[in-house]
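All chains should be modelled from the sequences, with the hints used to inform the complete structure.
Heads up: the sequence lines are chains Y and P, in that order. With full-length UniProt numbering applied, the first sequence has no gaps in its numbers, which climb one by one up to 206 at the end. With full-length UniProt numbering applied, the second sequence has no gaps in its numbers, which climb one by one up to 206 at the end.
Derived from the structure by calculation, the hints contain no laboratory data. Ideal placement from N, C-alpha and C gives every residue a C-beta, glycine not left out. Hints are not guaranteed to be accurate.
With the Cβ distance kept under 7 Å, some of the chain P side facing chain Y (calculated, not the full set) [said to hold, decoys possible]: (1) Arg42; (2) Thr44; (3) Glu45; (4) Ile52; (5) Asp65; (6) Glu109; (7) Gly164.
Protein chains: 2
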Amino acid sequence: MPAPPEGRAVKRHLAEGQVLFHEGDHAHFIYEILSGVLRLTRYTEAGRRQVIAFGYPGDMVGFPDHGRHRAECDVVAPADVVVHRTGAFDNPAMDLALHGRLVSAALAEISCMQDHFVMLGRKSAIEKTAAFLAALLPRVGVGSPSGPVISLPMSRADIADFLGLTTETVCRSFSRLRALGVIQLRGAQTVVVRDPGRLLELAESD
Amino acid sequence: MPAPPEGRAVKRHLAEGQVLFHEGDHAHFIYEILSGVLRLTRYTEAGRRQVIAFGYPGDMVGFPDHGRHRAECDVVAPADVVVHRTGAFDNPAMDLALHGRLVSAALAEISCMQDHFVMLGRKSAIEKTAAFLAALLPRVGVGSPSGPVISLPMSRADIADFLGLTTETVCRSFSRLRALGVIQLRGAQTVVVRDPGRLLELAESD
DNA sequence: CGCAGGATTGATGAAGTTCAAGTTACGTGG
DNA sequence: CCACGTAACTTGAACTTCATCAATCCTGCG
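Here it is, written out as structure tokens:
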């Protein structure tokens, strides 16, 4: 919670579409997201795409592996980030507090990815979609008279590549959730959650 | 590579079926696998199962999140492990070398899990199965006159829960790989890879 | 030798993909 | 400010793949 008392951290603003790093790049920085949304992506040789994660405020992205990035990162919604040097990882003494925060974030990331495994491997399309929204709800849901509102700056294709589905199936799942009275769509990028409880139920499978 | 020069590390032998920790347990130890095979598992409320990872020699399992384990770990094949205290994570100064090794392992784990994402989300049954074998090949493949041999101490159900498939589909995929002349089955637990190149092709999707 | 549990194979059906045709939303230029 | 054009989103229909249900086949072990 206290601002890290070290001079190496730099704040930066990122415009939509900007690429922070590519797969294989030497990893110089780790990014701590203050606002906006980032996207972590991997590609197969055959060109198939998997969105590993969306980075929301509070997240860190860019954990290096053997000094390199293993995924691509770009900006989905204009973002403010704090840029940390990866050196803080390798060398605890450089900034002990920051080092601890980075290690904690990496461990939390592992745990979070394990959840995602269950989703990718063991849930139906409607469950995946509900789980996706349910995960965003406490993080970016903004209250409104008709229920919490979630803004989705990413495309349907992004969501599909995150959930291991096609854009069409994501659309159909949204439509079904709407037909069930669980959500309401205000344009494609804005979801109003009418029945959060029901959303949770659908997300957690039955 | 050099044995960690610290007195806190303890070697232990683990029998098949033994449980190292449950989901939610306070995380006291991290395990470095010397031999044998461990299994990391998560369950959903509805009882569905997802095998997060199989731990092979060289792997570390038991990374804590906020001081707790987030998955269950048990022994698939009798194993020898080195037990490290999780304290080495929180407190770099305790054992700087070990701390560095743990952090590196955690980062490698993140990268490895990202590969798994692609597999779960974007590959067909036969591709998943081929990729599973292909990943094991360089790690546990033992040369033989008729080709590298992989031993699979885990059940078909375990493999299915790892790949996000059913046991039947895993069986059929193995059968198809056999029909294609890519592998040969010597009992259910032993796979001979006749055509490693082809296996790689199938794994990487086309 | 027979039994039990896992592995395999077969038949059927449902879920999701693919292909194709609208529909909506949005930015651009007149 | 409106018309247009493009890209994204949505819906529909046919098809593929994988799950499900069920029977049979190993294989290791008492």
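Results for each hint:
1. A cut of 7 Å between beta carbons decides the hint on Arg42/P: the least distance to chain Y is about 6 Å, and the hint holds.
2. The beta carbon of Thr44/P is positioned within 7 Å of a beta carbon in chain Y (closest approach about 6 Å), and the interface hint is therefore held.
3. A hinted interface residue such as Glu45/P counts as satisfied when its beta carbon comes closer than 7 Å to some beta carbon of chain Y; here the least separation is about 5 Å, so the hint holds.
4. Using the Cβ-Cβ criterion of 7 Å, the hint placing Ile52/P at the interface with chain Y is satisfied: the shortest such distance is roughly 5 Å.
5. Hint status for Asp65/P relative to chain Y: holds, with the closest Cβ pair at about 4 Å, below 7 Å.
6. Contact between Glu109/P and chain Y, as hinted, is supported at the beta carbon level, the nearest pair being about 6 Å apart and thus within 7 Å.
7. Interface hint status for Gly164/P: upheld, as the beta-carbon distance to the closest one in chain Y is roughly 3 Å, under 7 Å.
The structure fails none of the hints (numbered hints given earlier).
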